[in-house]
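Protein chains: 6
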Amino acid sequence: MYDVLCFGEAMIRFTPFHFERLEQATTLRMTAGGSELNVAVGLARLGLKSAWVSKMAKNPLGSFIMNQAQAHGVDCSHVVWTNEHRVGLYFLEQGANPRASQVIYDRKGAAIASMTPNEVDWEKILAEAKVFHVSGITPALSKECQATTELAIATAKRLGCKVSFDINYRARLWSKEAARECLSRLLPQVNILISTSDDLEILFGYEGEEAEVARRVKEAFGSDVVVITIRAAPTVLHGHWSSLALADRLYTGRVTELELVDRVGSGDAYTAGFLYGYLTGDMQKAVDYGDAMSVLKHSFPGDFAYVTLAEVEQMAKTVVTRIQR
Amino acid sequence: MYDVLCFGEAMIRFTPFHFERLEQATTLRMTAGGSELNVAVGLARLGLKSAWVSKMAKNPLGSFIMNQAQAHGVDCSHVVWTNEHRVGLYFLEQGANPRASQVIYDRKGAAIASMTPNEVDWEKILAEAKVFHVSGITPALSKECQATTELAIATAKRLGCKVSFDINYRARLWSKEAARECLSRLLPQVNILISTSDDLEILFGYEGEEAEVARRVKEAFGSDVVVITIRAAPTVLHGHWSSLALADRLYTGRVTELELVDRVGSGDAYTAGFLYGYLTGDMQKAVDYGDAMSVLKHSFPGDFAYVTLAEVEQMAKTVVTRIQR
Amino acid sequence: MYDVLCFGEAMIRFTPFHFERLEQATTLRMTAGGSELNVAVGLARLGLKSAWVSKMAKNPLGSFIMNQAQAHGVDCSHVVWTNEHRVGLYFLEQGANPRASQVIYDRKGAAIASMTPNEVDWEKILAEAKVFHVSGITPALSKECQATTELAIATAKRLGCKVSFDINYRARLWSKEAARECLSRLLPQVNILISTSDDLEILFGYEGEEAEVARRVKEAFGSDVVVITIRAAPTVLHGHWSSLALADRLYTGRVTELELVDRVGSGDAYTAGFLYGYLTGDMQKAVDYGDAMSVLKHSFPGDFAYVTLAEVEQMAKTVVTRIQR
Amino acid sequence: MYDVLCFGEAMIRFTPFHFERLEQATTLRMTAGGSELNVAVGLARLGLKSAWVSKMAKNPLGSFIMNQAQAHGVDCSHVVWTNEHRVGLYFLEQGANPRASQVIYDRKGAAIASMTPNEVDWEKILAEAKVFHVSGITPALSKECQATTELAIATAKRLGCKVSFDINYRARLWSKEAARECLSRLLPQVNILISTSDDLEILFGYEGEEAEVARRVKEAFGSDVVVITIRAAPTVLHGHWSSLALADRLYTGRVTELELVDRVGSGDAYTAGFLYGYLTGDMQKAVDYGDAMSVLKHSFPGDFAYVTLAEVEQMAKTVVTRIQR
Amino acid sequence: MYDVLCFGEAMIRFTPFHFERLEQATTLRMTAGGSELNVAVGLARLGLKSAWVSKMAKNPLGSFIMNQAQAHGVDCSHVVWTNEHRVGLYFLEQGANPRASQVIYDRKGAAIASMTPNEVDWEKILAEAKVFHVSGITPALSKECQATTELAIATAKRLGCKVSFDINYRARLWSKEAARECLSRLLPQVNILISTSDDLEILFGYEGEEAEVARRVKEAFGSDVVVITIRAAPTVLHGHWSSLALADRLYTGRVTELELVDRVGSGDAYTAGFLYGYLTGDMQKAVDYGDAMSVLKHSFPGDFAYVTLAEVEQMAKTVVTRIQR
Amino acid sequence: MYDVLCFGEAMIRFTPFHFERLEQATTLRMTAGGSELNVAVGLARLGLKSAWVSKMAKNPLGSFIMNQAQAHGVDCSHVVWTNEHRVGLYFLEQGANPRASQVIYDRKGAAIASMTPNEVDWEKILAEAKVFHVSGITPALSKECQATTELAIATAKRLGCKVSFDINYRARLWSKEAARECLSRLLPQVNILISTSDDLEILFGYEGEEAEVARRVKEAFGSDVVVITIRAAPTVLHGHWSSLALADRLYTGRVTELELVDRVGSGDAYTAGFLYGYLTGDMQKAVDYGDAMSVLKHSFPGDFAYVTLAEVEQMAKTVVTRIQR
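Chains as they are written, first to last, in the numbering used here: chain A, 1 to 325; chain B, 1 to 325; chain C, 1 to 325; chain D, 1 to 325; chain E, 1 to 325; chain F, 1 to 325.
It should be emphasised that the hints constitute simulated quantities derived from the structure, not laboratory data. No experiment lies behind these values; they were computed from the predicted model shown. Misleading hints may appear alongside valid ones.
Identical copies look the same in the list; a pair holds intra-copy or inter-copy alike.
List of simulated lysine to any residue pairs, SDA-like, C-alpha gap at most 25 Å [unchecked claim]: (1) K108 - T27; (2) K143 - E84; (3) K285 - A211; (4) K162 - F17; (5) K285 - V80; (6) K176 - R249; (7) K58 - Q314; (8) K58 - H78; (9) K130 - V255; (10) K58 - G47; (11) K58 - Q102; (12) K108 - D199; (13) K218 - R180; (14) K317 - H85; (15) K317 - E219; (16) K108 - S142; (17) K58 - T318.
Extracted from the complex, chain A is given alone in its bound form (with noise of 0.2 Å):
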């Protein structure tokens, strides 16, 4: 039985090191991440039981990816190996005031976006689950990406599994109206819906304050849960993180200041300290260890969130004791 199954797509990333351009860097520091990867990343190391799913060239890189997965405890046994297609790659740029960091994507071609509904049995796997993961990069990937997701989402839903869905628009991979197109009719199929307030305007132009935005989001898709994870960066290293969960009530966490090491894969970090709180507690532990993994994230270089089950414990805890709510 999973907690959580993943599914989407992990590249390898290519950082250079010391704030270095790519011009000008002669060594890259080689790790793995996806969003959906990081999420069954960050629930391991938690203690849950989580699989991702994928698909992915048999290829050094592949195995690349496979073994950073594995090497935390991520279950990858049904990930789908091609001889075609490549891995995809991402390059990323750190920033420093006021220059932002850069993603310089790479992805073209990967073995993911020819992955059809039927690569994956998931009428069997996900029988074994108790939630489905998915973001909105894997629709984005590839029409056979959007069938496999859609497939996987209505599967999870008749079988019992809660859909839990991280909107993550990319405008690299589709334009707002395809977006918007697929998501109507993914995001009513949602248990746990988690975006941002930019996204959210960009795609279907609520606009205001987080949680007016959330009670609109939540009245037009009906999800169990709606969470915007919210950002504030003064600077390139320096920011802000909270959160807000609306369900049967508002949930609301803490404001925590960032000294920012890596901010790629906070959100997904964020994704993962939510659900386990969702599986191993209530909304408001769903919040704040959301909040606990993603502040923690943000000082680890790298996709993955390098974090314990206690240093996120006491992170959670010293929001409630610090902070009153």
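Put chains B, C, D, E and F on the given structure of chain A with help from the hints.
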């Protein structure tokens, strides 16, 4: 069901770069290793189901080792964790002729030394294993480890699980006499006995040609198969590798010329390859895959054999076509 | 006026350090390379005016490659830039005996594959070039590249620009049959034909001694000169290099013992040295400078031959005095 | 035709990693830099045609610098090479509050110090240049350099080539008196005069607000435009940047908050951006592009501004829309 | 004659790079450190004659530490060497807000823990020392260390050598009760007592303003001078440092804003600066030099304060002119 | 009392990694070295009391060198410090066959070149030394150094301190004629004269077998012992080492096969080993320990011989038992 269940210590290994001495190093490479873990990793990389049993301190160093093992698919669910004791370390200074490579151990007080026979349910886990593998390092670590090893071997024997044993004599851990005393009790229960001429001479006084030594060992302990690995090292960075196995008859492999990148773990790689061949083919396959794994291992830094099954098959085949045994 | 104008793909090359496999790497060295670019760089370093023509994606990886080319003085003003497509990559795992070094290509979808004959004004730029150089990799990249190569060669021929062609057969890019079909059209227009015995046997079935093979190639295609480079590699890190050229008569160089640091690009270094000798001296100088460039290249990491003219002259002279041809 | 021709020394720069002192360093990062070279590189990256004139020792360090310059497209064909003298070096220790960053120069005996007025055909190369740029470092290097700078400026003036001059006072190279004496002859010939309040106060005793100081400088030397760059550094790693230019009227830019990665070369980046704006637009564009280049430069390690034109345009535009000057 | 003789443990310190966790590290930086050794190094760098007494395992790790100490001129001739026991280690994970930095100790079984009072001829070496310095870590290491510390302090006292003691309470080494019991015997013999408000509250229950706490401590133990160092750390990477000393009257220093590179050893740097000022000047100099050393130390990686005397003087002077105490 | 007092220049050495050329390097390894300093370090590591006399610029590079020397216990108290002049540097490009390793010196203007005879009180410090060691590099540095060397040697001679001299001819520093002229005055005062056949042929025209050359040198200059070190280098990375000493009779050592990591400093390591054997044993011990030190040195990066006495003893013993001279 495990194909092979391995039992022993794993350590953090620190290696200076570029042939530096520890005294001149300012950065060290950090990897994980340990004779039986190396075997488990090798087997998992070849596609078999392997588990590694040990006792480790619950701290970031222990987690590092577990991550490294899991990355390759080794089952670590039977590792015993403790909040006391430490994680053993070792330092490797790579030499170049005429300076031999040197290992500095810092393993005193490691958690496994405190491991008593009943901390693991041997009855249960050995019932699920085809082969139980342990090396002579494990009983040498402490009285407790010796008792635990004895119980594990006896239990395996009783349950019909084959026992594989690599003598691996470590003079810094116990005296010849202590080793001989213990081994004289363990070896008669062993199915697959792996060693070198040097160790067999030191411990049992067997001198002469490897085939002859194997014959005497087989006679003395009644093993199903006696394997002798043969390393010739004219210089520190260049050498030759071969091996032989005496079962129903003598099986020999070819001699391979080596450019040594890192020889630590090459004996363990041999064992992994041998057990793979043994479990999936016949004695000749065992020898050929053992040789192939070992000679490839010499070319990777770190303790592990970063091979693929296809590469080992290819390397083993090369043997047949080139050498015509 | 360009001494040599080269046409072909260049890629980003990622190389793990210290004989690591990709799977165990955490940092990769990043360099640029590609057969024809390597030739252009070698020529520029020797003091000739070289240009490199290609099509590249306008992104930091493309800029990285251009920077590397320009650093050595290669003219990149005719490179075609595009906002679509990607920059090809390749990964090099350095082996040690008996593990061969391994190249993993990730060049699908690279910009050059989309390059049609008229994206460059061949008429104009070849009118300014003494020699046009291309390898068999370029027509193998795509139908478009094949058509472009054909037009370029035909135009060069017509304009009296000498055509230099390195067969460089890549089995992963096209079949023997496809290569043979294309080359049978291209080679008769070639003035300087460079290859190896292996490629000539695979493609045209020419077996036997290099001199004899050269004779048959010259007969078959009517080249002014046929060059065969000869590499003997008893182990992965040690080898020997020599070459011969058949023009009005047979020209031979010495055999040099090599300690291999990085053999990628050594054939291209030969071509650069050969063309330098050809353009500034005679056929014997071409062979000697080709050999000198190539043997030096084996000692530099990366694709490029970081030589100075003085060093090549010195190395070539050593030949004469030591070997007395 | 060159847009800008720059004249001055470039050095090898060695930088320890991770805020180390030189005394504790075991590896150093090696880059190239020098005030006028930095300007030339910045201009070339923005798409203008820039050349850099200097005198350098013909050795691998000199080649390293030339490669770095050429990589970005800077014309180095007028560099004078010599087999005597050395290549200057400097070491940068990056500080953190309250330890200021520190530069240790090792430039004595560098080739350029021996450069006499006639080693370059100023008449010819300045006839092809729209702007001649030099900083106050060059005449400070030696009597010979002073004479050469004077000749170059006078020649530029005579040929109608605009003269850009960055005062860049270096107290370690010459005294206030010596500088004042020399500059009082050079500055009246300068069209674009760039400096800081600090230098203007030290050298000419001008105190007060930047706009007022600019007015006095303009009056004193009759420059077409006087630029003052303004750096506020409350701590070592955080600061603010702005600038103003006094021409027909006062032009001002915004104040940008900086997270400093490396401030060396940021003044030169400003000059490059300013000259780009000046040559392709108007005075406001000059100020905005100067600011944009400089604030971006603070985020890159090394002396060079690894920007693209698009990024600078974007950063400059941000100014306009956000600040409404 | 030694100005200061320090007694305590030193360890090998391993630090991951780039804010990595140990779990994700593949290379570690290796340095040496230990509270009293850090003091000795700081004093030697300022030009005083310092010695460091300890007991260490005779192996490459022990040699590494001795080399590091001697490099700065610390006298190690009284270190006791043993072939048994090990060299203690510690690992430092550098955090970023809100993740605190974390130290993982691996010092069990270190040689010093076995050090009995008579392994060093205290009588002889303390007769040659002006000041004996030790911290509360040393007696916490073992019963043997406690006895040795007591003997050393008593001997110093008797011989008229001033005793400097930094309380440095380490909860992982001993309980409050054990510490209090031991310290209540040691502190009355101490001339210079250095601590923090936190430790003084934990151990002795003294709460309130630092000056008031100092007064109570002075009263309780009769020290010549009580020093309290004051660290405010609003975030992990930014903080403030100040201190005060109560002797004949209260001496205070300024508050300095810190950008933290590495805070380990900053208290020891303070002690070195304080003792330097104490031995070469007066109490105000002691406070100012202590502050100057400490604030500079925060900017260097590693335990040691890589300062020069000139820098400390400059930093201390800045205090006076800027702050007007 | 010093066992050996060494006099000469030390430099910062910069070495690219991985066989890179300087032109392709982006990071350099930084170490310290210099012929006589290397000898002093070798002696100190073997347990003798050695001092190193030199003149150095008082800056971080000078401190770096001093730290490195002191780390191993070398007495630097007689080094003369100056605020003028610079610290000499050298760059080492490591080759691989057929590219020879290459040294690029940047030592012009180094402080030592300005050192006049009376800056050190030779009378006083040589009275405390058993052996004075200097190489032919020192008098080659400048007229001043030559005068200083002459005074030092004459003083040593007069005071009964043995003079050890390594000819170490450097063609880039002085001509054969200049060297011969100076050496003809110095060598007759030398007790222990160390050189190579190559240098002795170049300078004095002695050709033939080493033993014969030694005989002629001994005759010519009347040295107590003439040592010739013999290096055979069939390729860049593989070679052989041996030596002989002619005193009352001929003493020879074995030939050792070498895998070369770094040969710089191996001659100096020999000298250190030789002097150790000479001072603690007899002539055969001198040769054996010289050989042992040198062959070990070839396996360490950097100029210093990071040996322990036990290792050298072990290596020297191996000679005896294996080779039976």
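Hint check results:
1. K108 - T27: both (23 Å within a copy, 23 Å between copies)
2. K143 - E84: Both: 18 Å inside a chain and 20 Å across chains, each within 25 Å.
3. K285 - A211: within (18 Å within a copy, 43 Å between copies)
4. K162 - F17: neither (40 Å within a copy, 40 Å between copies)
5. K285 - V80: For K285 and V80, the Cα distance exceeds 25 Å both inside one copy (35 Å) and across copies (30 Å).
6. K176 - R249: neither (30 Å within a copy, 46 Å between copies)
7. K58 - Q314: For K58 and Q314, only the inter-copy Cα distance (18 Å) is at most 25 Å; the intra-copy one is 40 Å.
8. K58 - H78: within (14 Å within a copy, 30 Å between copies)
9. K130 - V255: Close neither inside one copy (30 Å) nor across copies (53 Å); limit 25 Å.
10. K58 - G47: between (29 Å within a copy, 14 Å between copies)
11. K58 - Q102: The answer is between: 16 Å across copies meets 25 Å, while 29 Å in one copy does not.
12. K108 - D199: Within. Shortest intra-copy distance 23 Å satisfies the 25 Å Cα cut-off; inter-copy 33 Å does not.
13. K218 - R180: Close inside one copy (16 Å), not across copies (59 Å); limit 25 Å.
14. K317 - H85: Classified as neither; 46 Å inside a copy, 29 Å across copies.
15. K317 - E219: So K317 and E219 fail the 25 Å test inside a copy (32 Å) and across (39 Å) alike.
16. K108 - S142: both (10 Å within a copy, 18 Å between copies)
17. K58 - T318: between (44 Å within a copy, 24 Å between copies)
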